[in-house]
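K.L.:
Here's the letter readout for the chains.
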Amino acid sequence: GENVEQHPSTLSVQEGDSAVIKCTYSDSASNYFPWYKQELGKRPQLIIDIRSNVGEKKDQRIAVTLNKTAKHFSLHITETQPEDSAVYFCAASRNDGTGGGADGLTFGKGTHLIIQP
Amino acid sequence: KAGVTQTPRYLIKTRGQQVTLSCSPISGHRSVSWYQQTPGQGLQFLFEYFSETQRNKGNFPGRFSGRQFSNSRSEMNVSTLELGDSALYLCASGLSGTYEQYFGPGTRLTVT
Numbered sequence: 140g141e142n143v144e145q146h147p148s149t150l151s152v153q154e155g156d157s158a159v160i161k162c163t164y165s166d167s168a169s170n171y172f173p174w175y176k177q178e179l180g181k182r183p184q185l186i187i188d189i190r191s192n193v194g195e196k197k198d199q200r201i202a203v204t205l206n207k208t209a210k211h212f213s214l215h216i217t218e219t220q221p222e223d224s225a226v227y228f229c230a231a232s233r234n235d236g237t238g239g240g241a242d243g244l245t246f247g248k249g250t251h252l253i254i255q256p
Numbered sequence: 590k591a592g593v594t595q596t597p598r599y600l601i602k603t604r605g606q607q608v609t610l611s612c613s614p615i616s617g618h619r620s621v622s623w624y625q626q627t628p629g630q631g632l633q634f635l636f637e638y639f640s641e642t643q644r645n646k647g648n649f650p651g652r653f654s655g656r657q658f659s660n661s662r663s664e665m666n667v668s669t670l671e672l673g674d675s676a677l678y679l680c681a682s683g684l685s686g687t688y689e690q691y692f693g694p695g696t697r698l699t700v701t
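If you're matching them up, the sequences are chains A and B in order. Residue numbers for the first sequence follow our numbering, so the first one is 140 and each next one is one higher. Residue numbers for the second sequence follow our numbering, so the first one is 590 and each next one is one higher.
No lab work stands behind these hints: they were computed from the structure. Just so you know, not all the hints are guaranteed correct.
Examples of chain A residues lying across from chain B (beta carbon under 8 Å, computed) [stated by the list, open to error]: (1) 182; (2) 183; (3) 221; (4) 246; (5) 248.
Keep in mind that this is a model prediction, so the values were computed, not measured. All C-beta atoms in this analysis are idealised placements derived from N, C-alpha and C, irrespective of residue type, glycine included.
Let the sequences and hints guide you as you build the complete structure.
P.N.:
Okay, here's the thing in structure tokens:
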């Protein structure tokens, strides 16, 4: 089955600086890579995603890049703000476009992002 | 449009008991997936239902089961509870023709 590795487990950056979180996956058949943000005591919130036919996607201060050959994808947050502090999870799946994964989302272990004032 | 809802939000059970958790997806979403979240194992896929059929199942024992109704609402059942079943159980729903999954607030299950 799929295996997703996520690094680092904790990331502390100064407010205004950029943050990068990296993930690798093992199953070359995975075609969908979402990122979720989870604040303490709250539900995981989808913040950005990318499909395997795209190399990069950007949404305001957040961007995701995908390298299918190397089987890794990264989340980039620019101009970090205090509200960016949370745990971020990457995930991978073989998605069939029916609103669910062919075999569910496989998540990384999470990165605790701390924004220092 | 209302988000994914789950009931109950908190539950305390004793070892050996069984429990049923409920998930109502976003209106129009036919896919419902269940995940277990623990500090040690992270987020793990349990199973996924689409149009009342279980399509996929993760690596969990048979004590974990589920079903989906014709209105896409889903229930998850855990029988013969063990201490290690203490976790946050999350469900997520998805819309046909899309890839995104949206999570509910979860049910916090504590087994004593």
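K.L.:
Does each hint fit the structure? Answer for all of them.
P.N.:
We went through each hint and held it up to the structure:
{"no.": "1", "hint": "182", "verdict": "holds, 5 Å"}
{"no.": "2", "hint": "183", "verdict": "holds, 5 Å"}
{"no.": "3", "hint": "221", "verdict": "violated, 23 Å"}
{"no.": "4", "hint": "246", "verdict": "holds, 4 Å"}
{"no.": "5", "hint": "248", "verdict": "holds, 5 Å"}
Hint 3 from the list above is the single one not met by this structure.
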